[in-house]
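Asker: Keeping their order, the protein sequence lines are chains A and B.
Start counting the first sequence at 1276; every next residue gets the next number (my numbering).
Start counting the second sequence at 1276; every next residue gets the next number (my numbering).
Source of the hints: derived by calculation from the structure; they are not laboratory data.
The reader is advised that the hints may include incorrect statements.
No copy labels: a pair is met if it fits in one copy or bridges any two.
Derived DSSO-like pairs (lysine-lysine); straight-line CA-CA distance at most 30 Å [claimed, not checked]: (1) K1285 <-> K1359; (2) K1285 <-> K1317; (3) K1392 <-> K1413; (4) K1373 <-> K1285; (5) K1368 <-> K1285; (6) K1368 <-> K1392; (7) K1368 <-> K1430; (8) K1359 <-> K1413; (9) K1484 <-> K1373; (10) K1429 <-> K1484; (11) K1484 <-> K1392; (12) K1392 <-> K1359.
Just so you know, these numbers come straight off a predicted model, no measurement behind them.
Protein chains: 2
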Amino acid sequence: MTDNLSSNIKVLAFDIFGTVVDWYGSIAREVDAMHLGVDGDKFALAWRAGYVPAMQRVMLGELGWTLIDDLHRMILDQMLADFKITNLSEAQKRHLNKVWHRLDPWPDSVAGLQRMKSAFTICTLSNGNIGLLTNMAKHAGLPWDCILSAEVFKKYKPDPATYLGVSQVFDVPPEQVMLVAAHQSDLDAARACGLRTAYIERPLEYGSKQMKDVSADSNNTFHAGSLIELADQLGC
Amino acid sequence: MTDNLSSNIKVLAFDIFGTVVDWYGSIAREVDAMHLGVDGDKFALAWRAGYVPAMQRVMLGELGWTLIDDLHRMILDQMLADFKITNLSEAQKRHLNKVWHRLDPWPDSVAGLQRMKSAFTICTLSNGNIGLLTNMAKHAGLPWDCILSAEVFKKYKPDPATYLGVSQVFDVPPEQVMLVAAHQSDLDAARACGLRTAYIERPLEYGSKQMKDVSADSNNTFHAGSLIELADQLGC
Chain A
1276 MTDNLSSNIK
1286 VLAFDIFGTV
1296 VDWYGSIARE
1306 VDAMHLGVDG
1316 DKFALAWRAG
1326 YVPAMQRVML
1336 GELGWTLIDD
1346 LHRMILDQML
1356 ADFKITNLSE
1366 AQKRHLNKVW
1376 HRLDPWPDSV
1386 AGLQRMKSAF
1396 TICTLSNGNI
1406 GLLTNMAKHA
1416 GLPWDCILSA
1426 EVFKKYKPDP
1436 ATYLGVSQVF
1446 DVPPEQVMLV
1456 AAHQSDLDAA
1466 RACGLRTAYI
1476 ERPLEYGSKQ
1486 MKDVSADSNN
1496 TFHAGSLIEL
1506 ADQLGC
Chain B
1276 MTDNLSSNIK
1286 VLAFDIFGTV
1296 VDWYGSIARE
1306 VDAMHLGVDG
1316 DKFALAWRAG
1326 YVPAMQRVML
1336 GELGWTLIDD
1346 LHRMILDQML
1356 ADFKITNLSE
1366 AQKRHLNKVW
1376 HRLDPWPDSV
1386 AGLQRMKSAF
1396 TICTLSNGNI
1406 GLLTNMAKHA
1416 GLPWDCILSA
1426 EVFKKYKPDP
1436 ATYLGVSQVF
1446 DVPPEQVMLV
1456 AAHQSDLDAA
1466 RACGLRTAYI
1476 ERPLEYGSKQ
1486 MKDVSADSNN
1496 TFHAGSLIEL
1506 ADQLGC
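Using the sequences and the hints given, assemble the complete structure.
Answerer: Structure (structure tokens):
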């Protein structure tokens, strides 16, 4: 990882769910604390598993443009039926749905972002909606320069409009933007648009019972074990 | 200004040019320092005067959706002809056009915003584009939770879609959003959408040669001499 590579990069765009925050652990903990008679681990995994199919309904045109908050609620309502949870009020359901606004960061996230903010413009690039990402940043202390979201571009990742949108917003060529993510498919799509890519290892994204493969792909510009390690590699 | 009024407010949305940053002084200083043989004061005022007519060309449909960076450049090109400035390279013109990304804050802005950020979600609501507002925040140290812009809503203020857009983004009713601005027309339009309003006195917005009327309008929820004074009134 040479100085040349990093010196040309101006903007770091971060995937959020799993890369910067621990959705699995945060949701499992909150659901367990609610004593609903369900396993927080299974509940978290099922909720997340509903996410891609729900987005696909929008991408296929079956649903109009929909915020992730609303997709999360559609999935939640189905899950409450599946898990036979019948004793929640509407206010309790709304509060539970916004657990996605209260996800905790990985232990290295805040310190790593603070360091990278000193040398780069750091922004989110998430399918999460703007309000969700803003509330999460206040909850978790994430020091974004700017919150970019599928909501700005009215397309979800991996649509090229999202990756190229970052380059257009900041008026820099795609190769001066780097996507930072814990998901190879997201990085592949960004690289196809000309962005640089950094893979972050998050072996516990789905919990300790199903460890994730975090092996390196040489197509990425950087590969790091944490956001602090990425800041080290970027020399900031 | 009672506790009741401020306790119900969740989001403070700030107008930027003139309210948080001193466009007049910043541009006049930079133009004077370029030794172009023109009066920085006149140049700054003429540039800003071209802004509303340029936006109106978009609002009337004569131009498609256009970022403020591009409107600023159209006005600048006309001004360079009017002021008979012929010796700037394309790179110098691009750099000068981005002076709007390098505007300095009023002396109270950063401290006032830091205090309000502890109690509210603070965001921009400006016709400036996202990249401009993000670069300005890094330059000036403005600690936004979120950058909202006409670019997100594809409408300029005073279109209701911008004010109501803030309430929709944060999933709160309009009366839980307050627009903070140094311009009564902006506040009037926000109030018509159900937002609360705070007027900030910026008598020097157009320089000391043409002091601005900053008298109070009782329709506003708050009236303050600075962002620090507003933080005082909001009890944060």
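Asker: It remains to establish, for every hint, whether it holds in the given structure.
Answerer: Each hint, compared with the structure:
| no. | hint | in the structure |
| --- | --- | --- |
| 1 | K1285 <-> K1359 | neither (49 Å within a copy, 35 Å between copies) |
| 2 | K1285 <-> K1317 | neither (40 Å within a copy, 34 Å between copies) |
| 3 | K1392 <-> K1413 | both (16 Å within a copy, 9 Å between copies) |
| 4 | K1373 <-> K1285 | between (33 Å within a copy, 16 Å between copies) |
| 5 | K1368 <-> K1285 | between (41 Å within a copy, 21 Å between copies) |
| 6 | K1368 <-> K1392 | between (36 Å within a copy, 28 Å between copies) |
| 7 | K1368 <-> K1430 | within (27 Å within a copy, 34 Å between copies) |
| 8 | K1359 <-> K1413 | neither (33 Å within a copy, 49 Å between copies) |
| 9 | K1484 <-> K1373 | within (25 Å within a copy, 52 Å between copies) |
| 10 | K1429 <-> K1484 | neither (35 Å within a copy, 45 Å between copies) |
| 11 | K1484 <-> K1392 | neither (34 Å within a copy, 39 Å between copies) |
| 12 | K1392 <-> K1359 | neither (45 Å within a copy, 41 Å between copies) |
Of the numbered hints listed earlier, those contradicted by the structure are 1, 2, 8, 10, 11, 12.
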